[in-house]
Structure formats: structure tokens, C-alpha cells
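Start from the sequences and build out the full structure, keeping to the hints where you can.
There are 2 protein chains.
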Amino acid sequence: MPRARRSTHVLKPRLRVLDGDTIVLGPGKADLLATIARDGEIRAAAKRLGMSYMRAWTLLREMNRAFGRPLVETSRGGRSHGRASLTPLGKRVLVLYREMERRARAGAAPAWSKMHRLLRSRGKSRNT
Amino acid sequence: MPRARRSTHVLKPRLRVLDGDTIVLGPGKADLLATIARDGEIRAAAKRLGMSYMRAWTLLREMNRAFGRPLVETSRGGRSHGRASLTPLGKRVLVLYREMERRARAGAAPAWSKMHRLLRSRGKSRNT
Numbered sequence: 107m108p109r110a111r112r113s114t115h116v117l118k119p120r121l122r123v124l125d126g127d128t129i130v131l132g133p134g135k136a137d138l139l140a141t142i143a144r145d146g147e148i149r150a151a152a153k154r155l156g157m158s159y160m161r162a163w164t165l166l167r168e169m170n171r172a173f174g175r176p177l178v179e180t181s182r183g184g185r186s187h188g189r190a191s192l193t194p195l196g197k198r199v200l201v202l203y204r205e206m207e208r209r210a211r212a213g214a215a216p217a218w219s220k221m222h223r224l225l226r227s228r229g230k231s232r233n234t
Numbered sequence: 107m108p109r110a111r112r113s114t115h116v117l118k119p120r121l122r123v124l125d126g127d128t129i130v131l132g133p134g135k136a137d138l139l140a141t142i143a144r145d146g147e148i149r150a151a152a153k154r155l156g157m158s159y160m161r162a163w164t165l166l167r168e169m170n171r172a173f174g175r176p177l178v179e180t181s182r183g184g185r186s187h188g189r190a191s192l193t194p195l196g197k198r199v200l201v202l203y204r205e206m207e208r209r210a211r212a213g214a215a216p217a218w219s220k221m222h223r224l225l226r227s228r229g230k231s232r233n234t
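Sequence lines, in order, name chains L and V. In this text, residue positions in the first sequence follow this note's numbering: the first is 107, and each later residue adds one. In this text, residue positions in the second sequence follow this note's numbering: the first is 107, and each later residue adds one.
Hints may be right or wrong, so weigh each one.
Copies of the same chain are indistinguishable here, so a pair counts whether it falls within one copy or spans any two.
In the DSS-like style, the derived pairs of lysine-lysine whose C-alpha atoms are separated by at most 25 Å in a straight line are [stated by the list, open to error]:
id, residue 1, residue 2
1, Lys197, Lys220
2, Lys153, Lys197
3, Lys118, Lys220
4, Lys197, Lys118
The set of hints was computed from the structure by calculation and includes no laboratory data.
This is how it looks when you write it as C-alpha cells:
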């Protein structure tokens with residue numbers, strides 16, 4: 107009995123919001139927001155994503171500039187010094203970005219399903 | 107009277123079909139297929155896209171391997187020597203890829219419209 111055909115192909119939509127040549131929001135910036143929300147700290151989030159603290163701040167500044175207001179707020183004093191969290195705008199932007207990703211994937215799904223059937227599964231020829 | 111707010115932000119979905127770490131189809135490969143269909147020649151298409159002839163063949167081989175059959179056919183002799191065209195499979199793959207792009211964009215449109223309103227137009231502050 108032949109083994110079931112095992113597909114290894116996946117569709118990856120990457121959504122980027124551009125302002126001219128500048129990427130104001132994309133997968134990397136969205137992941138930074140999500141990781142700051144999770145870790146509550148910019149330095150920890152940057153480390154987890156394998157980027158420098160300076161790089162994380164550059165990305166945040168680019169987003170803040172594009173949206174005209176901060177997406178992340180940080181505490182400078184007291185017991186919460188060093189803590190960071192998303193502002194209401196930052197939360198909204200992240201939710202909308204994830205929704206765009208989900209809806210883009212869902213929109214592409216019917217055509218992707220047709221293309222998927224045309225793709226050869228790894229290590230098997232079309233004639234076996 | 108204030109000038110109308112002029113937005114400069116655009117959403118660019120990039121769809122990639124992955125097989126593990128290999129991109130078997132993405133914007134670059136789709137553009138190569140489209141340009142070969144238009145120019146009728148791999149060398150001319152490669153030149154128009156700013157890639158080497160060898161690079162174009164590498165991309166074509168990767169696609170042919172993924173789909174198990176050629177997406178482009180070339181003429182080796184007679185008056186049509188050097189001409190290239192998409193096979194029926196190649197045409198189908200390009201049509202489906204463009205459809206995926208279109209549908210992904212359409213799916214993301216409602217959330218993008220909401221995000222777009224949060225973005226600051228270039229050179230104007232939110233308060234003017």
C-alpha cells in the first residue's frame with residue numbers, strides 16, 4: 107500500500123505597511139510589540155528576538171513616528187522602573203495587524219488550496 | 107481651508123510558498139514567470155529584472171523541482187531558438203499566485219482601512 111502523500115508546503119503571508127521606502131510596520135515590528143506586551147520589558151523582548159536594545163528602540167521610534175503617538179510606554183522611576191507596556195494605541199495596532207494577517211491568509215486560502223494540489227510532495231515523484 | 111489629509115501609506119502583502127526553509131514561490135519567482143511570458147525569452151526577462159541568466163535558471167529549476175514538471179519551456183532549434191514560454195502548468199501557477207495576492211489584499215482590506223486611519227500622514231501632525 108502506498109504511503110499517504112505528505113505535503114511539506116506552507117503559505118506564509120508577510121504584510122508590510124510602507125511609507126515610501128520605509129517599512130512602518132511589518133512582521134518584525136509586530137513581533138517586537140507582541141514580545142514587549144508579553145515580557146513587560148524592552149530589553150528582555152529585544153534579547154528574546156535576537157536584536158540589540160538599540161535596534162529595538164529604533165524600531166519603536168519608527169512606529170511612533172508613523173502613528174504620531176507612542177505605541178509603548180516605559181516607566182522611569184519607582185518600583186516599576188524599566189517596565190514597558192503597550193499603550194492603548196499599541197494594543198490596537200497589534201490587534202489590527204494580526205487581524206490583517208489572519209484575514210489575508212483566509213482570503214488567499216481557496217487559491218492556495220488549488221496551488222497546493224499542484225505542488226509535489228517532498229521526495230516523491232508525481233508518477234509514483 | 108486646510109489641505110485634505112494626504113496619506114502616503116500603502117499595504118504590501120508578500121506571499122511566499124515555503125518547503126521547509128526553501129522559498130519555492132514568492133514575489134521574485136512570480137515576477138520572473140510573468141516577465142518570461144511577456145518577453146518570450148529567459149535572457150531578456152532576467153535582464154529586465156536585473157538578475158543574471160544563471161540566477162533566472164536557478165529560480166526556474168527550484169520551481170520545476172517543487173511542482174515536479176517544468177513551468178517554462180524553451181526552444182533549442184530552428185527559427186524559435188532561444189524562445190521561452192510558460193507551460194500550461196506555469197500559466198496556471200502564475201494565475202493562482204496573482205489570485206492569492208489579490209485575495210489576500212482584499213481579505214486584509216477592512217482591518218487595513220481601520221489601521222490606515224491611525225497612521226499619521228507624512229509631514230502633518232495629528233493636531234493640525
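A quick look at each hint next to the structure:
no. : hint              : in the structure
1   : Lys197 <-> Lys220 : between (35 Å within a copy, 13 Å between copies)
2   : Lys153 <-> Lys197 : within (21 Å within a copy, 45 Å between copies)
3   : Lys118 <-> Lys220 : both (16 Å within a copy, 23 Å between copies)
4   : Lys197 <-> Lys118 : both (23 Å within a copy, 22 Å between copies)
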